[in-house]
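Using the sequences provided together with the hints, build the complete structure.
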Amino acid sequence: MSLLLGQIVDALGGALEGGARDTPIARIASLDAAGPGDLSFLSHPRYRQQLAASRAACVIVAPAMRELALARGACIVAHDPYVYYARATQLWRARNAPAPRGGVHASAVVDPGAQVHPSARIGPLCVIERGAQVGADSWLKSRVTVGEDCRIGARCIVHSGVVIGADGFGFAPEQGQWVKIEQLGAVCIGDDVEIGANTCIDRGALQDTVVEDGVKLDNLIQIGHNVRIGRHSAFAGCVGVAGSARVGAHCTVGGGAVVLGHLELADGVHISAATVVTRSLTRPGQYTGFFPIDDNARWERNAATLKQLHRLRERIKALEQTLQGSMNGRTPR
Amino acid sequence: MSLLLGQIVDALGGALEGGARDTPIARIASLDAAGPGDLSFLSHPRYRQQLAASRAACVIVAPAMRELALARGACIVAHDPYVYYARATQLWRARNAPAPRGGVHASAVVDPGAQVHPSARIGPLCVIERGAQVGADSWLKSRVTVGEDCRIGARCIVHSGVVIGADGFGFAPEQGQWVKIEQLGAVCIGDDVEIGANTCIDRGALQDTVVEDGVKLDNLIQIGHNVRIGRHSAFAGCVGVAGSARVGAHCTVGGGAVVLGHLELADGVHISAATVVTRSLTRPGQYTGFFPIDDNARWERNAATLKQLHRLRERIKALEQTLQGSMNGRTPR
Amino acid sequence: MSLLLGQIVDALGGALEGGARDTPIARIASLDAAGPGDLSFLSHPRYRQQLAASRAACVIVAPAMRELALARGACIVAHDPYVYYARATQLWRARNAPAPRGGVHASAVVDPGAQVHPSARIGPLCVIERGAQVGADSWLKSRVTVGEDCRIGARCIVHSGVVIGADGFGFAPEQGQWVKIEQLGAVCIGDDVEIGANTCIDRGALQDTVVEDGVKLDNLIQIGHNVRIGRHSAFAGCVGVAGSARVGAHCTVGGGAVVLGHLELADGVHISAATVVTRSLTRPGQYTGFFPIDDNARWERNAATLKQLHRLRERIKALEQTLQGSMNGRTPR
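Chains as they are written, first to last, in numbering that gives the first Met the number 0: chain A, 0 to 332; chain B, 0 to 332; chain C, 0 to 332.
FYI, nobody ran anything at the bench for these hints, they're computed from the structure.
Computed from a prediction, not measured in an experiment: that's the story for all the values here.
Treat the hints loosely; a few may be bogus.
As the list claims (entries may be wrong) - Straight-line Cα separation of at most 30 Å, DSSO-like style, residue types lysine-lysine; simulated pairs: (1) A:K316 / A:K306; (2) A:K306 / B:K179; (3) A:K316 / C:K306; (4) B:K316 / B:K306; (5) C:K316 / B:K316; (6) A:K316 / C:K179; (7) B:K306 / C:K306; (8) A:K316 / B:K316; (9) B:K179 / A:K316; (10) B:K316 / C:K306; (11) C:K179 / A:K306; (12) A:K306 / C:K306; (13) C:K306 / C:K316; (14) A:K179 / B:K306; (15) C:K316 / B:K306.
As C-alpha cells, then:
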C-alpha cells in the first residue's frame, strides 16, 4: 500500500526537494519513530534537533526550515507542515481503506419516519428514531442513537455509542419530589461536525439544542439541553456543559472542564482542562481554574491552610494596621 | 396539534383570566421566545420585566403576579407556575406523541429467565439478562443493558446507553497484581427513577447497590458498587460516586462532582458542581470545593503562590510574634 | 447453592480451625451483615471489634488474629484474608454461574475479517470490525465495539458499552477551521485486562494506543490516542487521560482525575481522586491536587481571597521588610 513521493506532492501540493519522485513511502511516522521508508513532518522549529536525527525518507517542513532539512535529505516544503501532515493522513486512509459507501447496515434500527440521505452511512446496531434526519455523506459508526426529530447535517462523523436527543435533565420540585418537564425540543447538528464515542447531546426543553458547523467534540462529553455551541469550537474529552449555556465560535475547552448553565462564552474563549466556568466570559482569552498538583503531604498542608485563607488575610490586615500605628508612635489598640 | 386554553385549564386546573377559553395554543415557549400563539410562564418574580414584554397568548403566573399579568393580557393563575409548566409539557407530550405501549422491540435481546412487566417498554437493541426484572410502565429507551438479577421498579425511564449491573470495581492486590473480587450482589432500582444516557450503575460486591424511589440521575454518571442513593435525590451529569457511599434523601449533586467511597451524606445535603466530597457530611446544607476560574495569567500566579501557602502562614505567625515582641520592648530572637 | 467449609479450604487452602468441615455456607458477607450461615473475613486488624460481634459461621483471618477469632468461633487462617476472600468470591461465582462458554451471540455483528478465538465469548449486540482480534477466554459482555485492527489479549473482561478504537481526537487548525488527522494506528490491549462499562480507548494517530497486561480500568474512562498504560495499573471511574501520556506500571489513578497529554508517570505513581496531572512525575509516590470541600459560605470567602493570594504574599513581604527596617532603627521608605 505504498505511495510514491511524487504521488504525494501531486495530490497535496508542496515542493519536493532533495529526493526522487519515485521514492516509495510505506507509512507516515513521527520524526523519532520514522524509518527509511517513512514520511515524517516537522510541525514546529523546536523539534529541529529531532529533524537532524530522523531516519525518515522525507520530511515535511516549512519554508524557513528548508535548508536545515536539505542538509539531512529529502523534504517536502509546505506552508503549514502540520496541515500538510493532516492531509497526508487523509490520503493514506483513502488509499488503504476505500471511502465508505452510503447505506444502512442490516442490523441498524431505522424508523420508517426517519430521513437518511442515500449517501449517509449508518453503521451496525444504530437506532434512528421517527422524524430524525441524517445528512449527505455523514457516517454514524456503530451503536449510535439519534432521537426523534433530531437532525444531523452533512459530512458529520459520529463515533460509537453516541446518544443524540436523550431527554434534557428538567424537573420541577413539588413537595420534595420531582415533576418531569417533558423535553419538547430536539437537537440540531450542523455540517462537518465530529462527535466522539459515548458522548451525549440532550434535546432541548422547548427549543432545540444546537451544535453549529465544524464543531469537534471528543469522547464522553455531556451537552445539556438548550446549549448552543458556536462554529468550529472544539471540546476535549469528559467535558460537561450544563443547560442553556452558549459557547461562542472558535472556542476550545480542555478535558474534564465543566461549564455551568445559562452562561455565555464569547468567541475565541479558551478554557483549560478541569476548569469550572461559573460566570459568563465576554472577552476572548485563556481561562483556568484547577488546584495545582503536589506531592500529597505538601498538598495536605496547603489544603488545610487554604481553609483559613480568609482569616490569614485578616491577620495580614491587622499586622499592617499595627505596624502603621507603631510607625506613627501610637500604641495599637 | 394545538390545544385550547380551556382544555389546558380543564386538564391542569388553575384560573384562566383575561382570555378566552377557545384561544388556540400552538406550543409552550419561554417569555422572550413566545409568539402570539404560545403559552408561557413566569417562574420567578425576577423575570417580571420579560413578562411585560412577552408576546405570548397567555402566561402562567403565581397569584401575586396576577394583576401585573392581566395588565398585559391573558393569564392562568396557578399556585406554582413552574410545576404547572411541567405538567403542561406532559400534556403536550401526551397530545403529540401518544403514550408508548408496553412491549419488547424485536431487536432487543431479552433472556428467557428475565421478567419484563407486560406494560413495560423495552426499546431497540436493549439487553436484559437472566433474572433481571423490569417493573410496570417502565421504559428503557434504546441500547440499555440490565445485568443479571438487577431489578428496576415501576414508572422508571432509562435513557439510551445506560449500563445497569456491570461488575463493581473490586480487586485484591497480590504481589503487584490484581485478583478479581467477583461481584455477587446486584442493582436494585426503585419506582419513578429516571436515569440519563450512558450512565452506569454497578452491581454490589456482596449486597446490592440501591437507588431509591424518585431518584433522578443525569447523563454519564458513575455509581459504584454498594452505593445507596436516598429517595428523590437528583444528580447532574458526569457525577462519580465511589463504592459504598451512602447519599441521603432529597440531596442534590452538581455536575462533575465526585463523592469518595464509604462516606455518608445526610438527607438534604447539596453538593456544588465539580466538588470532591472527601468526608461524611452529617448536616444538611450546601457544600462547595472547586478552584475559582480566573484569566490564565492570574491563575498561574495564584496557583504558584498556593504551593507556598503553608509557609506564608508561618511567615505571618513569625511577623505577629516579632511585632508582639517589639511592642513589648523586647528584641525578638 | 451452599458450599461446605471443607470444600472451601480444599479448593482455596488455609487452615480451618474451631469449626466442622461439614458446616454449610450459604453466602459470603461482611462482618456486620453476616448471619449464622455466612462466611466472612477480617481484612485488617482495625476491624477486630466487628469480628467479635459478627454472627458469621466462619471468618477468614490472618495468623496474627487467630486466637481472637477462635474466641468467637470457627475461622479459616490464611496468609492474606482479603486475597482469600477474593478467591472465595470466584469460587462462589463458579459454583452458582457456570463459566461462560466461548462463542459469538447471534445478535453480535462480527466482520468476517475479524479473528475471534474459539474460547472467547462475544456477548449480545457487540460489534467486531475488520481485522480486529479477540484472544482466548476473553469475554465481551454486551454492546461492546472493537474497531478495525484493534487487538484484545487473553482472559480480558470488557464490560457493556465499551468502545475500543474510536478515532483519536486529532485536528490541524487551518484558517479557523479543523482539518481531520486520520487516525492510522490501532489499540493493543494485553492479557488479563478488565475494562469498565462505557469506557473509551481511542486508536492511535500513527502508532498504537497500548494497554499492558493486567491493567484494570473502571467505568466511563477516557483513554486518548497513543497513550500507554503500564502493567497492573488500575484507574477508578471517570478518569481522563489525554493523548500520548505514558503511565508506568503499578500505578493507581483515583476517580475523576485528569492526566494531560505528552506526560510521563513513573512506575508506582499514585494519583488521588479528581487531581489534574499537569507535569511528568518521575518518582513514585502519592500526588494530590483538588480544592478541599467546605460549607458553601466559607468556601466563597476563601475562594474570593484566593484570587488575591499573590498580592497577599507581596503584602507579607512588605511587612517583613518594614518590620526589619523598624528593628534596625530605620524608617522604612
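Outcome of the hint check:
Distance check on the hinted pair: K316 (chain A) and K306 (chain A) sit about 18 Å apart at the alpha-carbon level, within 30 Å; holds. Restraint check for K306 (chain A) and K179 (chain B): the C-alpha separation of about 39 Å exceeds 30 Å, so the hint is violated. With a C-alpha separation of about 16 Å, the suggested pair K316 (chain A) and K306 (chain C) falls inside the 30 Å cut-off, and the hint holds. A distance of roughly 18 Å separates the Cα atoms of K316 (chain B) and K306 (chain B); the hinted pair therefore holds under the 30 Å criterion.
Under the criterion of a C-alpha separation no larger than 30 Å, the hint pairing K316 (chain C) with K316 (chain B) is consistent with the structure, at around 13 Å. Pair hint K316 (chain A) plus K179 (chain C) does not hold up; C-alpha atoms about 55 Å apart against a cutoff of 30 Å. Under the criterion of a C-alpha separation no larger than 30 Å, the hint pairing K306 (chain B) with K306 (chain C) is consistent with the structure, at around 14 Å. In summary, the hint linking K316 (chain A) to K316 (chain B) is supported, as the alpha carbons are separated by about 13 Å, within the 30 Å threshold.
Note on K179 (chain B) and K316 (chain A): the hinted pairing is violated, with a Cα-Cα distance of about 56 Å set against a maximum of 30 Å. Simply put, K316 (chain B) and K306 (chain C) have alpha-carbon atoms about 22 Å apart, close enough for the 30 Å limit, and the pair holds. Annotation: proposed proximity of K179 (chain C) to K306 (chain A) is violated, straight-line Cα distance about 46 Å (limit 30 Å). Note on K306 (chain A) and K306 (chain C): the hinted pairing holds, with a Cα-Cα distance of about 14 Å set against a maximum of 30 Å.
Between K306 (chain C) and K316 (chain C) the CA atoms are separated by roughly 18 Å; this keeps the pair inside 30 Å, and the hint holds. Our distance criterion of 30 Å between C-alpha atoms is broken by K179 (chain A) and K306 (chain B), whose separation comes to about 46 Å. Simply put, K316 (chain C) and K306 (chain B) have alpha-carbon atoms about 16 Å apart, close enough for the 30 Å limit, and the pair holds.
Checked against the numbered hints given earlier, this structure breaks hints 2, 6, 9, 11 and 14; the rest are met.
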